[in-house]
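Undergrad: Fit the two chains together into the complex; they arrive one by one in their own frames, and the hints show the way.
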Amino acid sequence: MKTDNENKGKLTTRGKTVLASVLAVLALASVLALAGCGSAADAVKGAAGDAASTEAGQSQARTLEQIKQSGTINIGVFTDKAPFGYVDGNGTYQGYDVVFANRLAQDLGVKASFVATDAANRVPYLESNKVDVILANFTVTDERAQKVDFAEPYMKVSLGVVSPTSKSITSVEALAGKTLIVTKGTTAETYFEKNHPDVTLQKYDQYADAYNALLDGRGDAFSTDNTEVLAWAKSNPGYTVGITSLGDADTIAPAVHKGNDTVRDYINQEINSLASESFFHADYAQTLEPVYGDDVNVDDIVVEGGKVS
Amino acid sequence: MPGAEIVLDPSNVLRLLAGLGVTVRIGLVSVALSLPLGIACGMLMTLRNPLIRAVLRAYLEFIRIMPQLVLLYLVFFGTAGAWGWDLSGEAASVVVFSLWGAAELGDLVRGALESIPRTQYDSAYVLGMGRRQAFARVILPQAVTRLLPPAVNLATRMVKTTSLCMLIGVVELIRVGQQIIDYNRFAVPTGALWIYGSIFFLYFIVCWPLSILSRRLERRWAR
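Chains as they are written, first to last, in the working numbering: chain Z, 119 to 427; chain S, 119 to 341.
Chain S on its own, in the form it takes in the complex (with noise of 0.2 Å):
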């Protein structure tokens, strides 16, 4: 299989690994975020106030309506336009991140928090729990439990989807192996297909971990 001297050219790992980096470094930043923001959402979700459950579900909807692609050309481009912001493309990828993983994480937690019996709140008071004592001893660890699968999945997701970045001038990981397979269009006209299965490579071994994480704290709780 001749091109693969592209992928074993040191300069172009190191800069494959530094797009890497920077796919990783939004990645992991917009998480980040998206965790307290999500949990906060989604437990205001449950709330029964008709105005905070209005706003959710209009927050939730938008962000999941809009393509991530039109969010990211809003937030860099939008920003710019009107307000005069002069955001850098990765500060507005985080935004638009931390955003839609907050959205979509509340509701994950929305939903494991409603998914636990009625009876469980009732059985814990009948214990003798006060409400926080049975919410963080009795419902909570039952609800992370179900809620970790979809948030890891959720986590993935985001990861991959950063790849959208390079739309608005992030250089991460796919843009930098485009770079590579056009410099060497000629020079090496097979490239394209290792510098693909590279960056497949490299996205494997940056969301493998997260589920074998998952996977784990699983098997740990369900003991």
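Same shape as in the complex, but just chain Z (with noise of 0.2 Å):
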């Protein structure tokens, strides 16, 4: 009797310790969110009594006025993407999203500064305001679009299909029976399952394994966007993109914070306005030619005046 009371003297100091601090870390945790709650509440506060905000939103998104006033954009981009979003040998940024990136700022008047982001943060970027537009070669999908205001495209991708030049793929009918490789939890996996399931597909994890696969012969094509496999293709001879659009294009399009409408719409405008000079075309031709190479039918990937054909 008396051991089993002196365990159980033990475990209860040692439970009342370990309470002790679970309890402790909740109360901090509390009163941070309770910080977090108080500040967010005065900030709706002041968004409502300021006249000229637009929304009453935690933090406000700054309005096309407020950028143009500032003199400076800033930018959300990539700068480990070439050839969408980069940087050069000389510390500049470069890329099809950098090009028009600096159009927008000019044209606006003010200064592009460029921020670094990478895929994952794009949303949390526009959410918090640290950017004002996000043009880091953005896909539109449903999900993105509750959490972030998408302006019109400026861009699409689509399945590629690349293979050896000797027994080049055209079509997805001279794919029956054949062997494609495709990397695992990619569109191109879902789009073969679902649409062609004559195709034997071989599947890997990485796309540095895919590459080897098809290196190797062991598939007869390898199949994922085409942006991708055009890049490859020109880099390694002896290969070409059969067929360079397949499947539903996704669009790619510059994004604002959410109920940002003022720099949504002059976005628009300024994409709109851009197609009479085919801009994006031009864009491509200095950006993307010389990694897709000349034999990619153009507007398989650039979208002019937000109009996707």
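There may be inaccurate statements among the hints.
Said to hold, decoys possible - Output of the computed footprint for chain S on chain Z, the stretches with three or more beta carbons under 8 Å from beta carbons of chain S: (1) 205 to 212; (2) 229 to 237; (3) 242 to 248; (4) 358 to 366.
Unchecked claim - Simulated restraints on C-beta separations: (5) Pro-327/S - Thr-259/Z: 44 to 52 Å; (6) Pro-408/Z - Trp-326/S: 41 to 49 Å; (7) Cys-325/S - Asn-330/Z: 48 to 56 Å; (8) Ala-238/Z - Leu-146/S: 37 to 45 Å; (9) Arg-249/S - Gln-184/Z: 56 to 64 Å; (10) Pro-128/S - Asn-330/Z: 32 to 40 Å.
Calculated from the structure, these hints are not laboratory results. Idealized CB from N, CA, C, for every residue including glycine.
TA: Structure below.
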């Protein structure tokens, strides 16, 4: 009995310490949360009092007027995804997205200030108003559209199929009964499983493995985003992209903070007016053509005036 | 081994060094801020006051449980959403790494102080020393010797973990490396190995002197 009691006593003391720690952590967390809510409430109050503000969010996105006054527009771009957004040998920002970003800033009469973003933090950057616009090869999806507002598209991606030039595959029909290499979890995998069950799929985890499989002749062709296979084929002689555009095209568009209509409307206006000078075709020729080669149909990739054909 | 030209290009070398500069700046400023904060934390942790203990315990556990990346996102994006603060990526990084350093160093200081046997205090008192004198002359020198290896270990860990800062837009060493690799993806396909090799070397030359310093000091104090 005595030992039992002792053990019980020990357990409860330890239990108390643990409980105290847990409570303390919870207390700290709730203090932080409360502080956050309190200030957010203040921010909303401040916004309501400010006649110029258009939305009562947690924090305010800058309006077009505020951006003009500050003289700088903050644009989130990729810095290591050539040829869309990258930094060249001299340390300057380059790429298809960056060319458009520079033009956007120039026509607005402000300086473009580039912020290095990654695929995963593009939405948080907009939600927290760390940037005014994201121009980072941002594919439009329903899920993302609930959190940010997309402007009109300026590019589209669909699937491409690359195969050895000697046994080039130029149509989906030619793939019947053949072995197609795909990367797991990509749109190519789901597209072929659903629409072309007669094609034998060989799946790999990594892009590098899939490309090696193609090089070794373990499959007849490889399919993934057309922009990706086009760039790869250009640097690997002996391989061509026989099918450059397959399946439903996803569009790529600039994005702004949810509800930041003044900036989104300005971008839409800009995209529409740039169509008269075929701006994105020129942009393509300058940034993407050197990577994809000239045997690609520009209109498979470029969207002019926000109109997807 | 092809691809060496990528690390011999002077402009690439300069950009990597500039990236290293950012890495070292975040690391050093954070370590410098962590030192006084951590020592203060550690001394407070040895107090018997249950309230102070609970609060510091909660702080330490919170920092320890949260992945550094989550803390960076909280400070960088969270403060902007909740309070409209526009912290730069680098400032947010310094805040996170200082908080982390202070918590971890605090626990190390507490451990070092508590590891000194009670008899050391008693002996000092018997020799006629006051509380302050006993602490400064007897306890502290012994505690510091025990503290140094884990503290240097913590500092090198902090320097290495600054690589996460690139995820909140800080263009530091790893990010510069990735930019160079990507730009030369077609011209120098084997460049990745060389760039990452150089990055390894650069981290090494930052962290190694720290280890040497701590070994020297340890040896000197052991005498």
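Undergrad: For every hint, state whether the structure bears it out.
TA: Hint by hint, here is what the structure shows:
1. 205 to 212: holds (count 5)
2. 229 to 237: holds (count 4)
3. 242 to 248: That given contact holds, which follows from 6 residues of the segment 242 to 248 of chain Z lying within Cβ reach (below 8 Å) of chain S.
4. 358 to 366: violated (count 0)
5. Pro-327/S - Thr-259/Z: 44 to 52 Å: holds, 48 Å
6. Pro-408/Z - Trp-326/S: 41 to 49 Å: Given about 42 Å between the Cβ atoms, the range holds.
7. Cys-325/S - Asn-330/Z: 48 to 56 Å: violated, 35 Å
8. Ala-238/Z - Leu-146/S: 37 to 45 Å: For Leu-146/S against Ala-238/Z, whose Cβ atoms are near 28 Å apart, the range 37 to 45 Å is violated.
9. Arg-249/S - Gln-184/Z: 56 to 64 Å: holds, 59 Å
10. Pro-128/S - Asn-330/Z: 32 to 40 Å: holds, 34 Å
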